[in-house]
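Enquirer: Those protein sequence lines, which keep their order, are chains C and A.
Quick note: to get the working numbering, add 183 to the position in the first sequence (first position is 1).
Quick note: to get the working numbering, add 183 to the position in the second sequence (first position is 1).
Hints are computed from structural coordinates only; laboratory data are not their basis.
Since copy identity is lost for identical chains, a pair holds within one copy or between any two.
Derived lysine-lysine pairs resembling DSS-like cross-links, with alpha carbons at most 30 Å apart:
no., residue 1, residue 2
1, 496, 448
2, 302, 408
3, 223, 240
4, 417, 223
5, 511, 530
6, 316, 381
7, 456, 408
8, 456, 496
9, 530, 459
10, 459, 552
11, 530, 496
12, 412, 438
13, 530, 507
14, 287, 302
15, 568, 496
16, 302, 223
17, 517, 287
Protein chains: 2
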Amino acid sequence: MQKLNIQLLLTGNELMIGDIVDSNSAMIAQKLLSLGLIIKRKVTIADDIELLINEIKSISKQADILIINGGLGPTVDDLTAQALADSCHLPLEEHPKAVEHLNKWSTLRGRVLDHTNLKQAILPESSNIIANKLGSAVGFHVNFQQCDIYCTPGVPNELEVMMEEEIIPLIQTNVTTTDNYQVLRFHTFGIGESDLQKLIRDKFQQWPQEIELGFRASSNFLELKLTIKNSKYKKVLQHYEKEISYLLGNHILSKLLNPPPTMAKYVIDLLIKSQKKITVAESCTGGLIASMLTSISGSSTVFEAGYVTYSNKMKHQMIDVSTKALDKFGAVSKEVVLEMAQGALLKSAANYTIAVSGIAGPNGGTETKPVGSVWIAWGTSSNIKTVYLCIRGSRNQFQIAVANRALDLIRRDLLQSDEVPFYLSNNLSKR
Amino acid sequence: MQKLNIQLLLTGNELMIGDIVDSNSAMIAQKLLSLGLIIKRKVTIADDIELLINEIKSISKQADILIINGGLGPTVDDLTAQALADSCHLPLEEHPKAVEHLNKWSTLRGRVLDHTNLKQAILPESSNIIANKLGSAVGFHVNFQQCDIYCTPGVPNELEVMMEEEIIPLIQTNVTTTDNYQVLRFHTFGIGESDLQKLIRDKFQQWPQEIELGFRASSNFLELKLTIKNSKYKKVLQHYEKEISYLLGNHILSKLLNPPPTMAKYVIDLLIKSQKKITVAESCTGGLIASMLTSISGSSTVFEAGYVTYSNKMKHQMIDVSTKALDKFGAVSKEVVLEMAQGALLKSAANYTIAVSGIAGPNGGTETKPVGSVWIAWGTSSNIKTVYLCIRGSRNQFQIAVANRALDLIRRDLLQSDEVPFYLSNNLSKR
Chain C
184 MQKLNIQLLL TGNELMIGDI VDSNSAMIAQ KLLSLGLIIK RKVTIADDIE LLINEIKSIS
244 KQADILIING GLGPTVDDLT AQALADSCHL PLEEHPKAVE HLNKWSTLRG RVLDHTNLKQ
304 AILPESSNII ANKLGSAVGF HVNFQQCDIY CTPGVPNELE VMMEEEIIPL IQTNVTTTDN
364 YQVLRFHTFG IGESDLQKLI RDKFQQWPQE IELGFRASSN FLELKLTIKN SKYKKVLQHY
424 EKEISYLLGN HILSKLLNPP PTMAKYVIDL LIKSQKKITV AESCTGGLIA SMLTSISGSS
484 TVFEAGYVTY SNKMKHQMID VSTKALDKFG AVSKEVVLEM AQGALLKSAA NYTIAVSGIA
544 GPNGGTETKP VGSVWIAWGT SSNIKTVYLC IRGSRNQFQI AVANRALDLI RRDLLQSDEV
604 PFYLSNNLSK R
Chain A
184 MQKLNIQLLL TGNELMIGDI VDSNSAMIAQ KLLSLGLIIK RKVTIADDIE LLINEIKSIS
244 KQADILIING GLGPTVDDLT AQALADSCHL PLEEHPKAVE HLNKWSTLRG RVLDHTNLKQ
304 AILPESSNII ANKLGSAVGF HVNFQQCDIY CTPGVPNELE VMMEEEIIPL IQTNVTTTDN
364 YQVLRFHTFG IGESDLQKLI RDKFQQWPQE IELGFRASSN FLELKLTIKN SKYKKVLQHY
424 EKEISYLLGN HILSKLLNPP PTMAKYVIDL LIKSQKKITV AESCTGGLIA SMLTSISGSS
484 TVFEAGYVTY SNKMKHQMID VSTKALDKFG AVSKEVVLEM AQGALLKSAA NYTIAVSGIA
544 GPNGGTETKP VGSVWIAWGT SSNIKTVYLC IRGSRNQFQI AVANRALDLI RRDLLQSDEV
604 PFYLSNNLSK R
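One chain only, chain C, in its complex shape (with noise of 0.2 Å):
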């Protein structure tokens, strides 16, 4: 395969001083990976003429092919077409094509074309014009010094479409592209980076060198990237794929996905499928384990009810924690956080519960509950387990992370799984 120099040069005052966040060049990016190609290089800069000049010149030197995004709209500071002619030392026309494409939208939208407007279609001379369908900026293309340059606009809804239907067939026709870039991804939960290369690194003394591994972490959610770049080694791909699985066994939330969905939503398939119902009791989470499983479409045939019971007086009167147990062993306590799971089961007659106490911070740690102290208790009627863990960070996170692993052990009760979760064997301060 050709290996080709793509960069991209996006430009927005906006962008250099935060007001939104560029979404358009991962867009491009992923539209640009369907045909197995990958952006070396990304430049962002403002709308100022002289900075747009000295990057097109320099990035044009080096690139097969350079898309500009963005300054294409009707004001002063749009300037992509002004300094593409300026670098390419072509001079600016109006381009009948272009004023054609504005009529028929001012026409569409019962406006009348003026001189602002008109600008969009003074464009650099022998600029072959690219269709816009839902706006009023044309895109344009050049070949400058065999660099292929795409100049395309910055609002998101039309750029895809652009990218969709016209760029990328025509890069497409240019260039010779194969099949030859596959990957593979899986999505983990519980396992930290490190201790994933580690296991990996234990397991294969010598990882293949076809196969790149690449890592992206999320709270506590890790995915893990296999790819390969040439379909011969798809057989090489296939075995690994079978020892990774192996190796992390229920870890895996799933494979191929992408975006990945959400811990909750494995919870909720699992819990459909096997006709059962849950109910949660919540006190350090307040709510957040109810809401991601309500955020679920489909979840109310097996979510009827959650107990947020954020004082000892609510988890007594609501779900029948006995104020012996508040009294002597604390809220954050083996034997609160089990009767509060007993509670709930009671109440609302389901068959799988998830309860947790804990310490979310930042103040009302003690010596021996720390802020980051949890206690969770998951199961069935007949088999309540708990566990305690520490988990640091920050309020937001430890909420999220506790929610997280609440909803995984109860995915792994459903999945029937005897394998002890990293999370679990790792934490020295079990208790």
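Following the hints, put chain A in place on chain C, whose structure we already have.
Expert: Frame of chain C; chain A shown alone:
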């Protein structure tokens, strides 16, 4: 003001193939803007040692400040330290302060520090270590060819705290910033961008050229930004600050704060101030309102109980909603939501209550109660009000919009405001 050349270098394979959208650079830009500093240029590349060295060498020749983001993790594709060492001709060495941080970090998590993690302490000689409160990867700073280079972690929340608490203060001591550039933000809820623009156009025939107007919308929140580029316009800005405050009334949640607090934070603060308690009874939001409230530190003093009554049976059993009302009017009705609010108040002995019942979709809608229908009840035992809204969007958008509006209605009650918010006065389908 000294015009600094500030550049950003982002590294990560996932950025190049569009696996993630980069939100870090917008956040860095906003923090720098608070010092009146603007990023000049931003380059994004894959985790490739040669590319990294090229960029570091080339940028450090031009820039006064270079912030490198990403590539500080423990894995083999994290290359920032090595690339920086090579670029600056500095040997790599183990930094005792970084080892100490890693030891502390591991101990807190009940782990043993291993070889893989220790890589994060191998940094260019004479680097200054920058603390990372939330993660294992310390940041580091070197000065090379008169360019201050700051290396920062790619994990967003780790980066945010490090920017706020470490790097911004460091930069602040090194540069003389002036107060020329001034930004005033209004954090508003419940007005759309076009409504707000119309309001302003109708009120001020001639908006002053000295003040730049900016808008940024997310869900039902809208940030209105007034910017002056020279402090001589301060008086004009003050005048328009008053005018806008008057025009928007209680649609304004706060001024000047960035990032703005969540809606729940405003509500919790007002409850604490007035020493009142709140309870919630949730059907279609399934615990989201309780979760938003309890995500705020200090909420335990004003929030004791939340009732997630997802099924009809549980509405009756947990908070005494009459089967008569459920049978006659259905779960999504004024009568039921009123009884939910009353029941929750009685059971929990709180002062304020919110109850919601609606159809989150995508399924479950009927002709008279389409997806998006919701009844909200809110107030105190002596004065519970109800309203019907129809909110379009995905299941998630619906749940978030309902939760925020319900909280906003309580916020207005707590402020003893008689104003009718835009989303109610605009609500043609009110019943």
